[in-house]
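Asks: Protein chains in written order, with UniProt numbering: chain A, 1 to 297; chain B, 1 to 297.
Check the hints yourself; a few may be wrong.
Which copy is meant is left open, because identical chains are indistinguishable; a pair holds if it fits in one copy or across any two.
For lysine to any residue, the following SDA-like pairs were computed, each having C-alpha atoms within a straight-line distance of at most 25 Å [as the list claims (entries may be wrong)]:
#1 Lys66 with Pro136
#2 Lys32 with Ile180
#3 Lys66 with Thr128
#4 Lys261 with Asp107
#5 Lys261 with Thr28
#6 Lys99 with Ser253
#7 Lys261 with Asn273
#8 Lys32 with Asn177
#9 Lys32 with Met90
#10 Lys32 with Asp93
#11 Lys263 with Glu287
#12 Lys214 with Thr28
#13 Lys46 with Ala164
#14 Lys66 with Lys263
#15 Lys66 with Leu135
#16 Lys104 with Asp92
#17 Lys261 with Gln138
#18 Lys104 with Val166
#19 Lys104 with Ser253
#20 Lys46 with Glu199
#21 Lys32 with Gln168
#22 Lys214 with Pro24
#23 Lys32 with Gly167
#24 Lys32 with Asp266
#25 Lys66 with Leu227
#26 Lys32 with Ala164
#27 Lys32 with Ala165
#28 Lys32 with Pro252
Derived from the structure by calculation, the hints contain no laboratory data.
There are 2 protein chains.
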Amino acid sequence: MLNVRTRLQAWQERIEAVLEDVLPPAATHPTKLHEAMRYSVLNGGKRMRPLLVYATGEALGIAPEKLDIQAAAVELIHVYSLVHDDLPAMDDDALRRGKPTCHKAFDEPTAILVGDALQALAFQILATHPRMLALPAQRLRMIEQLGQAAGSRGMVGGQAIDLAAVGQTLTEMELENMHIHKTGALIRASVLLAAYSAEGVEAQRLQQLDHFAKCIGLAFQVQDDILDVESDTQTLGKTRGVDAAAGKPTYPSIIGLSASKMKLQDLYDEAMNALVSLGESAHLLREIAEFTVKRIR
Amino acid sequence: MLNVRTRLQAWQERIEAVLEDVLPPAATHPTKLHEAMRYSVLNGGKRMRPLLVYATGEALGIAPEKLDIQAAAVELIHVYSLVHDDLPAMDDDALRRGKPTCHKAFDEPTAILVGDALQALAFQILATHPRMLALPAQRLRMIEQLGQAAGSRGMVGGQAIDLAAVGQTLTEMELENMHIHKTGALIRASVLLAAYSAEGVEAQRLQQLDHFAKCIGLAFQVQDDILDVESDTQTLGKTRGVDAAAGKPTYPSIIGLSASKMKLQDLYDEAMNALVSLGESAHLLREIAEFTVKRIR
Numbered sequence: 001m002l003n004v005r006t007r008l009q010a011w012q013e014r015i016e017a018v019l020e021d022v023l024p025p026a027a028t029h030p031t032k033l034h035e036a037m038r039y040s041v042l043n044g045g046k047r048m049r050p051l052l053v054y055a056t057g058e059a060l061g062i063a064p065e066k067l068d069i070q071a072a073a074v075e076l077i078h079v080y081s082l083v084h085d086d087l088p089a090m091d092d093d094a095l096r097r098g099k100p101t102c103h104k105a106f107d108e109p110t111a112i113l114v115g116d117a118l119q120a121l122a123f124q125i126l127a128t129h130p131r132m133l134a135l136p137a138q139r140l141r142m143i144e145q146l147g148q149a150a151g152s153r154g155m156v157g158g159q160a161i162d163l164a165a166v167g168q169t170l171t172e173m174e175l176e177n178m179h180i181h182k183t184g185a186l187i188r189a190s191v192l193l194a195a196y197s198a199e200g201v202e203a204q205r206l207q208q209l210d211h212f213a214k215c216i217g218l219a220f221q222v223q224d225d226i227l228d229v230e231s232d233t234q235t236l237g238k239t240r241g242v243d244a245a246a247g248k249p250t251y252p253s254i255i256g257l258s259a260s261k262m263k264l265q266d267l268y269d270e271a272m273n274a275l276v277s278l279g280e281s282a283h284l285l286r287e288i289a290e291f292t293v294k295r296i297r
Numbered sequence: 001m002l003n004v005r006t007r008l009q010a011w012q013e014r015i016e017a018v019l020e021d022v023l024p025p026a027a028t029h030p031t032k033l034h035e036a037m038r039y040s041v042l043n044g045g046k047r048m049r050p051l052l053v054y055a056t057g058e059a060l061g062i063a064p065e066k067l068d069i070q071a072a073a074v075e076l077i078h079v080y081s082l083v084h085d086d087l088p089a090m091d092d093d094a095l096r097r098g099k100p101t102c103h104k105a106f107d108e109p110t111a112i113l114v115g116d117a118l119q120a121l122a123f124q125i126l127a128t129h130p131r132m133l134a135l136p137a138q139r140l141r142m143i144e145q146l147g148q149a150a151g152s153r154g155m156v157g158g159q160a161i162d163l164a165a166v167g168q169t170l171t172e173m174e175l176e177n178m179h180i181h182k183t184g185a186l187i188r189a190s191v192l193l194a195a196y197s198a199e200g201v202e203a204q205r206l207q208q209l210d211h212f213a214k215c216i217g218l219a220f221q222v223q224d225d226i227l228d229v230e231s232d233t234q235t236l237g238k239t240r241g242v243d244a245a246a247g248k249p250t251y252p253s254i255i256g257l258s259a260s261k262m263k264l265q266d267l268y269d270e271a272m273n274a275l276v277s278l279g280e281s282a283h284l285l286r287e288i289a290e291f292t293v294k295r296i297r
């Protein structure tokens, strides 16, 4: 068996090819919009959500070719949210993964439309893409789940909570509530979309996977906040310290840096505990959790 | 039988109640976002697309209660596109239907998020809303159609074409291409989503309905351009002459006002011709076409 890093890398290459395939070609009219969509999606992201889809599939015995479209759909939603989040009216970020953000590389109206079009594409491919192999009832359940996770009571709701929190003093619980919506919902959707691709996954198993996703979703955010304090702009690939400068509440600003690191460890342990009964089949989910807490950007 | 105006009004009231029902309550957390979503959707719009859904259903013998969610989904997509279109980076409009636009009544980040959340909701309700009565395979076909119509090769693509056209000299054909994408795609989707709710609608019938939708979609746009020249701000409910002032190509600016009026009449005639074989069952579709060309705002 290949070592885990190599296998994660293979999935990363796999999802790049799938995304490349589901996106309209750059030469398709209107070309500027399609170029901007491809620029925003095909930019060397970490692909954490697609990796979670594939790794959950492995834990449940579902082959990657049955999960390609689900993985692409969650990534399209994630990318659209980044494009909109970077807009001048939102976080006003100039750099993303070391490259100019969409509205900087193109322009603001194009960035708004890129996000809008990527969201529509995500739902469209779940419904009827030729590479989508799940049954109709399973697809509908996935669309429902993704809509819920992406919508006003999920990711977009989290962004609204985030906006309202600027300059406010939040409690740790309020901060957690924000992250559970803003990033947690889509990370949980990644695991659930994979699980919905199999028939008859037990409720208890679903709950374990969901709890794992909830923990690493939050861990990812805590690590993000720690990196925003400790890392430098070059390593990070985005402007360092922007969250603190923008008056955004972060774990270090609320509970301090060392308590944040302890929280990160606790979440990691809890995520690992959730996977115990899955045994060896979950080793790539464990690797993703480890990567989440040890990453430097 | 009630007269047609009364029946259209009954459908308008019907869709208001459905939209009210599918939108999260204003008291749902985060409340500002949900208030802004409801403000943007429940604002006394003409509901042309839902009316088309119901009227197409009537022409095909499909009861309104089987079309409520389809009607709501197309309207949610339409409203989200207006909210984003009105943004400062886009058309920068302060008035919509006589009321402050979403980013004026709330703020710009909220307006971005409102649009994003409404789009997610549209797909979500098509997938699994309890009032959705279509079969799984039909729902998937609708989601595919709506995704296509709303996406980069449909409505959003049309907005990109529109942006690129500002200050340019377009031919009539280029202008038509823009409108076919920007507004035509969703109007056609309204008719198709209704048709997909029935089993076994003949290809020829689908084509007739689709052609009808294409003609009135374009007629609506021609009339919009004429009104932008001829009407006043108060009647229009939005700032008059903005398109011309923004250097946007319009039918009057390209082919002149009187040729625009002739084109409007031609499109109306063609739309009516497309319905001939549908006989009496299509009388409300005819009424909508007539309303489209005779409306004063």
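Asks: Which numbered hints turn out to be false for this structure?
Replies: 4, 5, 6, 13, 14, 17, 19, 20, 24, 25 and 28
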